[in-house]
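Chains as they are written, first to last, in the working numbering: chain A, 685 to 1152; chain B, 685 to 1152; chain C, 685 to 1152; chain D, 685 to 1152.
Because the hints were derived from the structure by calculation, they are not lab data. If you're wondering where the values come from, they're calculated on a predicted model, not measured in any experiment. Hints may be right or wrong, so weigh each one.
Treat identical chains as interchangeable: a pair holds within one or across any two.
Stated by the list, open to error - The list that follows gives simulated cross-link-like pairs (lysine-lysine, DSSO-like), each with its CA atoms no further than 30 Å apart: (1) 755 <-> 955; (2) 979 <-> 765; (3) 765 <-> 1029; (4) 1034 <-> 937; (5) 755 <-> 1029; (6) 1099 <-> 979; (7) 755 <-> 792; (8) 765 <-> 792; (9) 1034 <-> 868; (10) 792 <-> 955; (11) 868 <-> 765.
There are 4 protein chains.
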Amino acid sequence: MNVAFLQELLSSVAEQGRLLLPRSLFGAGAEEDIEALALALISGRGEASGVAIARELLDRYVQLSQDDRRKFFRFLATELKPDPERLTAAARGYVDNPSDVALSLLQKAIDSPRLEFFRRLNLAPGATAEIVAMRRDLLRLPIDDAALAAVDADLRRLFYSWFNRGFLVLRRIDWHTPAVVLEKIIRYEAVHEIQGWDDLRRRLDPADRRCFAFFHPSLVDEPLVFVEVALMRDIPDAIGPVLEEPSGDEPAKPPTTAVFYSISNCQEGLKGISFGNFLLKQVVEELVREVPSLKTFVTLSPIPRFAAWMERVAAGSEDVGEPAQLDAQLLLDRLNMSDAIEVAKNPDFKAPLMSLAAHYFLVGRDNLGRTVDPVARFHLGNGARLERINWMADPSEKGLRDSLGLMVNYLYDLKEIERNHEAFANAGTIAASRNVRSLLKARGKAKVPAEAEETPALPPPLPAKTSS
Amino acid sequence: MNVAFLQELLSSVAEQGRLLLPRSLFGAGAEEDIEALALALISGRGEASGVAIARELLDRYVQLSQDDRRKFFRFLATELKPDPERLTAAARGYVDNPSDVALSLLQKAIDSPRLEFFRRLNLAPGATAEIVAMRRDLLRLPIDDAALAAVDADLRRLFYSWFNRGFLVLRRIDWHTPAVVLEKIIRYEAVHEIQGWDDLRRRLDPADRRCFAFFHPSLVDEPLVFVEVALMRDIPDAIGPVLEEPSGDEPAKPPTTAVFYSISNCQEGLKGISFGNFLLKQVVEELVREVPSLKTFVTLSPIPRFAAWMERVAAGSEDVGEPAQLDAQLLLDRLNMSDAIEVAKNPDFKAPLMSLAAHYFLVGRDNLGRTVDPVARFHLGNGARLERINWMADPSEKGLRDSLGLMVNYLYDLKEIERNHEAFANAGTIAASRNVRSLLKARGKAKVPAEAEETPALPPPLPAKTSS
Amino acid sequence: MNVAFLQELLSSVAEQGRLLLPRSLFGAGAEEDIEALALALISGRGEASGVAIARELLDRYVQLSQDDRRKFFRFLATELKPDPERLTAAARGYVDNPSDVALSLLQKAIDSPRLEFFRRLNLAPGATAEIVAMRRDLLRLPIDDAALAAVDADLRRLFYSWFNRGFLVLRRIDWHTPAVVLEKIIRYEAVHEIQGWDDLRRRLDPADRRCFAFFHPSLVDEPLVFVEVALMRDIPDAIGPVLEEPSGDEPAKPPTTAVFYSISNCQEGLKGISFGNFLLKQVVEELVREVPSLKTFVTLSPIPRFAAWMERVAAGSEDVGEPAQLDAQLLLDRLNMSDAIEVAKNPDFKAPLMSLAAHYFLVGRDNLGRTVDPVARFHLGNGARLERINWMADPSEKGLRDSLGLMVNYLYDLKEIERNHEAFANAGTIAASRNVRSLLKARGKAKVPAEAEETPALPPPLPAKTSS
Amino acid sequence: MNVAFLQELLSSVAEQGRLLLPRSLFGAGAEEDIEALALALISGRGEASGVAIARELLDRYVQLSQDDRRKFFRFLATELKPDPERLTAAARGYVDNPSDVALSLLQKAIDSPRLEFFRRLNLAPGATAEIVAMRRDLLRLPIDDAALAAVDADLRRLFYSWFNRGFLVLRRIDWHTPAVVLEKIIRYEAVHEIQGWDDLRRRLDPADRRCFAFFHPSLVDEPLVFVEVALMRDIPDAIGPVLEEPSGDEPAKPPTTAVFYSISNCQEGLKGISFGNFLLKQVVEELVREVPSLKTFVTLSPIPRFAAWMERVAAGSEDVGEPAQLDAQLLLDRLNMSDAIEVAKNPDFKAPLMSLAAHYFLVGRDNLGRTVDPVARFHLGNGARLERINWMADPSEKGLRDSLGLMVNYLYDLKEIERNHEAFANAGTIAASRNVRSLLKARGKAKVPAEAEETPALPPPLPAKTSS
């Protein structure tokens, strides 16, 4: 409630600020347009009356149409860029003599007036959230406009500095959290949709559930990223039991396993500024401290690009090596099963599906040579290990459509994190459990597709291959 | 008390973090020196274990001798600077074709690894204060080392972004403030020394006293800048009554005048990052809101360089035009008064002293062509007006030694602030009241030195010149 | 979140306390039953180990069956009452010589050991809420047991002291309030049911809505009583527009009228301890301070006993004077309208219905000679004035069933409150607007029933009587 | 700072309340005197406008002279007592037939209007502290007025209910505590005077120091009782090292012993309402939780009545049995040492002094048959054990004057507390260590005075007398 009080206070203060301003500045209102205000803000007037000008500009901005916003970003792109002449001179100076002094001059010449513009814009109370929203607007614009990329680069540079991990505050989200924050948790949940307040309560309130979020002191009531955790006694192999109402009975035994089953970024305007990795690690530390019985830290994650990859593989548009392709064809094409979801659900096809999934993770690469799966890139890049692939772990519509019902556990072993991270970052090496590796090998050895081809009478041979 | 709890929590979490780290990293302790840790921090290892490496590095830093700190800053200066080859190439590319793309490449090439180093250092809980202290150490080093200037420039750039006004929080300091903050108010007060807790209470607790400070969310319990205010019914002409115990009687009438009688910057490591101007303006707004009877906002300020300027003038080493110099000589030299303080105290010399003070403000310029007085530069640059010069307003030892007992009122008239600021910033025009201007004219007209010279019998003629 | 932390801390401390206790006390667990614990608590052992004994006793109590609870209350009634012999002696002593000393001895003799028992029970952290719940249990028991009345009287006496208005804290309930409190607002709302979280938000979050509650420092997260307020520009004549989603448009003009449209007591166990009157007055003060444009403070209230009264009147079982009875018969009986609700909805019967309602308020009396309506007793006793009766103001099922669709505005005129209260308290005088009085007169003058009887063709004559 | 804000809010609300009141009530101000206000408060007017009347009455009260206060208390004593006729009737009714109903009627008749008066007085914001101050004023009046005892009894009864342990909040006092509270710690410290803020900091801020206080939610910024604790590795035998600046070196080993070296009650007006016992126990639990290495909980306490007792013994005015008296005479009288303090300091007399101290504790009784020492009564009654008597443990002036330099350790052994308490409460049995008991015996055996004095006559009788 304090925070609300603070906000109110702040805005009333800003209000006052405007009232105190010389009437000449805003009296006419429409007279001075947003571009004039922007120029005023980075001029000497901005030094004297920055708070009020910034507030006025932000109020104008909000009322702009999308077209006018685009126009305004273009203005920022072209009018508030570094002075080319001065910069050329400084660059030449450095090329001629790369001294410390020349470097310093170059640094000054290249510092964009736009950066200063945004920094001064932040003078207005509550401005940070509005500047973040500006970048959201910018990112939503059609990207055919190269000039705007420079504006985005400046904003991103600024946010990278402002939203430094050291300034973020970890807060537990629970049933004592204000509703104004909780409704954002409902809105921003990106992995397993929250079905209203009762569902929310199920995820926050029971003794074996946790939720943590990062906040920035200047973005009041606005989580940046949050993670939902279930405290269990085993690594779960399906999302159902995790989301269900826990039984009323107090668990007889203390939990051993923290399961991160949903991580959601909240601020579109902070795209590309990474918080999730810090969040996971700090939550691990927090949980270790609070619940000493916890020994295992693991995710239960979707495989959001798996179904699409399978289709490309089956269609031959993905080069995965012949055996894998044949596997996929076997499953999708040769069976005349137009609906991949039917395959996903069929226990007879569990083995080849799991095998292909292992291939997807361990062998598959995207155009940029990276592991295909973005969630995998996040956790593996974070130092986790691919621990287990779970069949029919998410039978929801979305789960079947995107991940063919599969889910994955990434395991965070604190002793391995640094090693895994470096191996992945430097050599693309993917840390995976023997269990997952064996799925791949199983396929190889069993020559699934080959055998399959020889035996046209499908199902029968398939069960034999299950090895997990 | 919450904040303390938070700090404790944070540090225990960091502690945990270290314990959880692979022993390889810190096991040997002394094996890996601070430079190796710095390199680790900006490497891939820093991405995986940044929090712990940053914490360890900061702990090592604190134990370094001054010499080793200097060595470490040199290391940062030489080893963590932008790659010259890459930068030269990018600079050349921009010179050849100053396109958006070339600009973007140049920006990336010039971004100093040091900046990233400091940003990652800030991962450790509580690090911000320690990085600010690092810059304090750096600024205290002998400045014969040009290479270190680049390190300072990076830190300053970083702090300029981190300590953006939009992130600062205004808090009232009063008798409900925790002692841990109050003792810092005592320590940091830079204008009129606070003589222990009773004196502090006199300045904070009475109904007609206020104190406000800016805080940064990551610098817990550490004010950045604070201002002390007395609510009065007139513009005071001396500091004595302002600092004295207020009479117990409730003032019959509501205050009309807010007097800012002390502004102190607290963080040596944030030198050059300006907060005072924002503080004053926000405090004005705060007071307007809280005490609607207030109409006048004014300072009572020292003139810290006046005595030194007088000496230079008397010695002829300051070129102030003949009349002013003669005035000064008249006062200091010709009278064989070795002690300027005796002059300051002597009512007979009030008029020429005041006149010279007006000259000091309105005409005097330093080597850089600026108004001599730094306090004047702050308030005039802030949009205030030089309202009044007060004779024998601060008879303390420091007041006599530095300011020859004079004090000045700068008046903040909200309707003038922007105009004054721009005139001062663009043309060096000094906003001053007619009263102050007349002091200067008085001298002119009265031709003080001339008359003085004609009449060898001093004192007598002087009284005639008093005009204020 | 702090509060939750505190609670956790407190309960862990209590936990500790128990662990630290000599095993002899609770080791056997089942050995010592709740009555033994109660005796221990008021003995010397209770002085030494009160916190732990109280905690244990409360834990046992919660697990008792309803029968065992009743047994336990009987135990308190019979075993922990004042010592009859000592009391008889003291009473006789006072009768013989009513001195100060005799009075003091009598006071000591009459002080019930039960009171001390409950006071010591309150030593356990969080006990207050549990003792309040005990009284709830007690009140729910069949009331055929006279002995239990003394237990209730003691609890009530205790709560009257503990829940003194001076200890209650007014808190605004809004969208920043923790969900754990908000869900109780949903649950406890007793007048106009809240249909889930969206409805709740409609009542709390818009700029022209307020909700305030009283809390007791020892009943964390538990409102005692709350009131919902709509800020409007007129006195509303129906509940519909008050509960509807406000239009998105910011109201052009500031609100003039605060409408209290729902007051709900939350704690069954605090029955008979009155907070609502203090709440209303403090909320008025709060609103005056926050929204200076407010001039009128008014309720929109149900008439919960009106329909039942009408039935009794129509049935002749309520002695209301002949004219009123005939009116009622006319409406309900003679028309062969078995369904009073049909009458309520029919505009043709508006006038006689309103007239009867005026009779209900101004003339009707219950068995105890009081104004029939409990809500009226509350507001009139509070110093309000019966301002207006509104036809078809609450067409909900409950509104029609209980109040025949009517609602009432009670107006709080601060200048009248004390006078109204005293007139009502001393003489039963009901403050009512001329408007309401005229409804009664209208009936009298128009002789509704008489005319009605003469003119079998109903409707026609009725319109003539409308006066509102 | 929140609390201050709250207070401000509350008082502004009360202010409002008064403004809103009918002018008739307070317009003339002097017209209605405090007695009239008191009568108004318990009348129907008090029900309607209680908050404002209570506020006005309290404001009047503060301005009364001591004489007028006394007059006002007499008014309360005589005018607001239970109606004698009604009470006599009810008492007679109970004597005739001691039924539940008669008991209930008697309870109602005896309930003092004064209690209701004070309860309504508490309606005014901030009133609780003022009512507590009222009782302080009352207790300070000369006690020759028996009628006032009834007023005190009512206040005490009220406070006993209001300040129930269950409503008190334990807060740690440290360097993060607001100055407004800390200055009260300095003021209220009753055992070892705090010499200004530096001394305070020494007691609160070091890592091995703790201070805890009980607060009541309605007495903001006002501690009720506080205890200072040093965390050490041994039971200290002198106060000096406890109060000294701790060495800067972090203690190598974790503390094992919590030493309560000062407990101070803060509120004179709450005399007789006991908090200290609860405070000690809760602090023990708090410390056990926070510092698991602590195993021993012990006090270092003065013996405030020892010197006076010695004098009485030496003078023969205290009947202690012949041997003890001779001992005392030996020390004080026969040696012609008029100054007991010289005896206290003299190592030669350590043994008999210690022996006499043991006698003082274990054998000595006051007029009421109680252990002489009030501090001993508190700790022994609390379940502690007399662990050790320390010679020359407090060489301060006060320490020598009151306790002849001796100090005592009372040890809280959680396993013994209940047993010790009951033995002390029921049988006056004093729990003491063998060490202390042996002092008493030693006195006999050691033949102290004989050796000391060459007087052969002495020793013999002594041994015989030991063993009591």
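Here's how the hints hold up against the structure:
no.: 1; hint: 755 <-> 955; result: within (22 Å within a copy, 39 Å between copies)
no.: 2; hint: 979 <-> 765; result: neither (52 Å within a copy, 42 Å between copies)
no.: 3; hint: 765 <-> 1029; result: neither (56 Å within a copy, 56 Å between copies)
no.: 4; hint: 1034 <-> 937; result: neither (33 Å within a copy, 60 Å between copies)
no.: 5; hint: 755 <-> 1029; result: neither (51 Å within a copy, 59 Å between copies)
no.: 6; hint: 1099 <-> 979; result: within (12 Å within a copy, 35 Å between copies)
no.: 7; hint: 755 <-> 792; result: both (28 Å within a copy, 27 Å between copies)
no.: 8; hint: 765 <-> 792; result: both (13 Å within a copy, 15 Å between copies)
no.: 9; hint: 1034 <-> 868; result: neither (38 Å within a copy, 48 Å between copies)
no.: 10; hint: 792 <-> 955; result: both (27 Å within a copy, 19 Å between copies)
no.: 11; hint: 868 <-> 765; result: neither (36 Å within a copy, 42 Å between copies)
Hint violations for this structure: numbers 2, 3, 4, 5, 9, 11, all remaining hints satisfied.
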